[in-house]
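J.: Kindly generate the complete structure, drawing on both the sequences and the hints.
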Amino acid sequence: MTVARMLPLIVAVPLFGAAVLVGAGRRLPRPAAEVLGLVFAAGTAALALAASAALPSATARPVEWLGGWRPHGGVSVGIVLVGDRTGLGLATLVSLLVPAALAYAWRYFDEPPRRHAGSFPALVLLFQAGMCGFALTGDLFNAFVFFELMGVVAYALTGYRVEEARAVQGGLVFGVVNSLGGYTTLLGIGLLYARTGELGLAQIGRALDARPGGPDALVIAAFVLVATGLLVKAAAVPFHFWLADAHAVAPTPVCMLLSGVMVELGVYGTARVYWTAFAGPGGIPAPDAHRALLALGVLTAVLGAAMCWQQRHLKRLLAYSTVAHTGLFLIGLAVLTPEGIGGVALYVLAHAGVKAALFACVGVLLDRFGSVDEYELHGKGRELPWLAGMFGTGGLALAGLPPFGTALGKAVTEEAAGGWATALFVVVSAVTGGAVLRAGARVFLGLGSRPPGSPEETTGEGEEPETRRLLARIPDSMLLAPTVLLACALAVGLVPGLRSAVGGAADAFTDHAGYLAAVLDGRATEPAPTPAPHWTTPGVVWGLLASVLAVVLALLAVQRPVAGEPVRWTVPLRRLHSGHVGDYVAWFLAGVTLLAALLV
Amino acid sequence: MSVLPYLCAGWLFLIGCYGLATSRNLIHAVGCLAVCQSATYVLLLAVGYRHGGTAPVFSDIAPGSRPVVDPVVQALTLTDIVIGATVTALLLALVIQIAKRHRTVDPDELSELRG
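Chains C and G, in that order, give the protein sequences.
Here the first sequence is numbered in the working numbering, starting from 1 and rising by one per residue.
Here the second sequence is numbered in the working numbering, starting from 1 and rising by one per residue.
No wet-lab data here; the hints were simulated from the structure.
As the structure is a prediction and not an experimental result, all values here were calculated from the model.
A virtual CB, placed ideally from N, CA and C, is assigned to each residue, including glycine.
A few of these clues could be false.
[As the list claims (entries may be wrong)] One-sided excerpt, in silico: chain C residues whose CB lies under 8 Å from chain G: (1) A50; (2) F141; (3) V152; (4) A165; (5) G175; (6) L180; (7) G190; (8) D245; (9) W569; (10) S578; (11) H580.
[What the hints assert, rightly or not] Here are the in silico distance ranges between beta carbons for each label pair: (12) C:G74 x G:D106: 40 to 46 Å; (13) G:V57 x C:G67: 37 to 43 Å; (14) C:A528 x G:D106: 54 to 60 Å.
T.: See below:
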């Protein structure tokens with residue numbers, strides 16, 4: 001079977017699995033339903049891995065026209081799946097993380113709702129299908145459909161514990177804001193169709209290229225609208241408000257998927273749409289795109305880090321750290337070179353492992369002690385040395401400790417961005433890593449005194465554990481999953497073959513003309529090769545510096561006597577995050593205006 | 001081609017967002033989201049409209065004999081309606097659960113998640 005033929009299967013297998021589980025799930029006992037879900041998820045992972053391994057080169061782009069609707073003379077009406085290394089790599093990442101989350105959930109939900117044993121694995125498989133489809137599609141409208149599919153499943157999974165008051169509230173906010181983003185994307189797609197008469201990314205790109213002379217208002221408006229929806233998914237400031245609420249309430253295995261890959265798929269979508277459709281002479285000029293992405297990226301990184309540092313609710317802490325890292329990814333994209341894309345790709349791969357592992361650790365705490373509050377858990381984690389080790393390692397990896405893949409990705413990205421970006425990268429990763437280490441020092445080592453809380457914040461006290469009763473013993477599966485994920489994040493930094501593959505993938509990703517030729521004319525062209533991402537001495541030094549800084553920050557925070565009141569300058573920042581869906585919609589509109597202003 | 005449908009689509013989207021931002025009732029808010037979505041229907045159909053065109057059904061007209069409107073946008077609109085139905089149903093189900101758990105559907109009183 002050729003790689004092109006495998007592409008539809010990567011989407012269809014999890015869809016089929018979900019259908020089987022929905023149909024038969026009621027009659028299956030729980031272990032059977034779980035095993036079936038795991039088999040389909042792992043089967044997809046094997047398919048995606050095989051397809052990645054069977055690619056003839058890192059810059060090859062196998063193309064599959066569904067139903068055989070091939071283009072004639074560069075014109076087509078068919079729907080296309082494009083399996084370039086970047087898209088396939090992301091599909092592989094999704095498909096590897098899903099079995100990890102399912103395996104973790106095996107003992108995590110001790111008791112599923114009666115007679116609905118198959119509902120959770122079925123939803124997760126649908127989620128996997130939506131994410132794989134989004135990564136592989138070469139058609140803008142199809143991307144929207146997959147975007148909405150993964151969105152709807154994600155809202156349902158966020159509110160999975162419908163009996164819990166906060167869970168449904170977070171799910172609703174998530175649903176409203178993301179759906180609104182999806183509709184702006186569709187408006188943009190409508191405008192692009194009006195201008196070009198095409199829906200495929202490559203066809204739109206070619207039609208726009210045929211009208212050189214810079215973009216007019218309609219093309220800019222279309223890009224703003226399409227990018228808005230994707231940036232909402234990516235949780236770029238000021239579209240990020242839904243993320244912390246959703247992560248705070250979603251079941252932990254779902255958080256692993258949301259933070260690990262779904263948010264990153266928004267970043268990927270933005271980059272994909274820009275490079276395939278808008279990077280040519282008739283699209284958005286590079287300086288404008290650079291300015292917009294850089295401004296949003298810096299804003300997102302700084303705000304995310306500031307909010308991350310102030311959290312005591314551990315899931316919200318990790319959620320804001322994802323926001324901060326999304327900002328770093330956007331800064332990497334804003335460089336608009338293969339080096340930047342390659343760095344971001346490595347960073348995303350390793351970040352997924354580290355962040356999912358950290359969420360898994362927090363989930364163990366929630367099920368063991370019924371709380372995710374840093375203050376309430378003070379010193380309670382002493383009895384869990386293995387978990388403490390993993391949590392600390394995860395914090396250091398987040399801060400960019402070599403040789404973790406996060407350090408490599410961060411080093412390559414900051415080198416590509418250059419100048420003051422290095423300082424920003426070091427500070428942001430030190431603060432986010434430091435916040436995790438601070439929480440770890442309090443929870444697992446019992447350092448410092450137990451601080452009093454203030455009424456203004458979401459604490460995470462008195463959370464419902466996601467098992468029937470508090471766990472007396474931690475099941476092995478819940479410790480194995482994060483261990484494997486951290487090992488994978490380490491491997492991203494150490495395996496040299498991965499670095500060259502990512503380098504080639506980034507070259508192909510940023511080759512606008514080559515993508516159009518491969519998809520529409522079936523002509524393979526080799527992009528100009530650039531050096532693959534690699535470790536450099538300054539990168540290692542900056543990574544070590546960020547890790548040391550994170551440890552110092554954490555120790556200072558723990559040793560310092562804590563005031564009862566939050567620091568004054570942080571109060572307005574917290575007030576912005578009001579948990580009110582109306583406020584978030586207002587910020588959404590402000591964000592659309594900001595994006596448009598940055599691009600004009 | 002008149003610009004009126006495009007202005008109408010923009011107006012619908014903005015008025016829907018205004019409703020979402022100021023709503024005091026979550027069921028109303030989900031309705032406002034549906035209004036935002038109907039803006040996308042109007043835009044898509046306006047894009048595919050041809051003056052003097054008829055429905056793209058060729059059972060009783062010979063192909064090429066008279067202009068027809070663009071069937072692609074109609075297919076997109078139908079897909080969009082299906083997605084909208086799913087999203088609206090799911091969100092309304094969540095609102096019902098919120099009403100059961102919080103005993104309110106006023107977003108101003110749902111302030112457990114902040115900061």
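J.: Could you work out which of the previously given hints the structure breaks and list their numbers from low to high?
T.: Hints 1, 9, 12 and 13 are the ones this structure does not satisfy, whereas the remaining hints hold.
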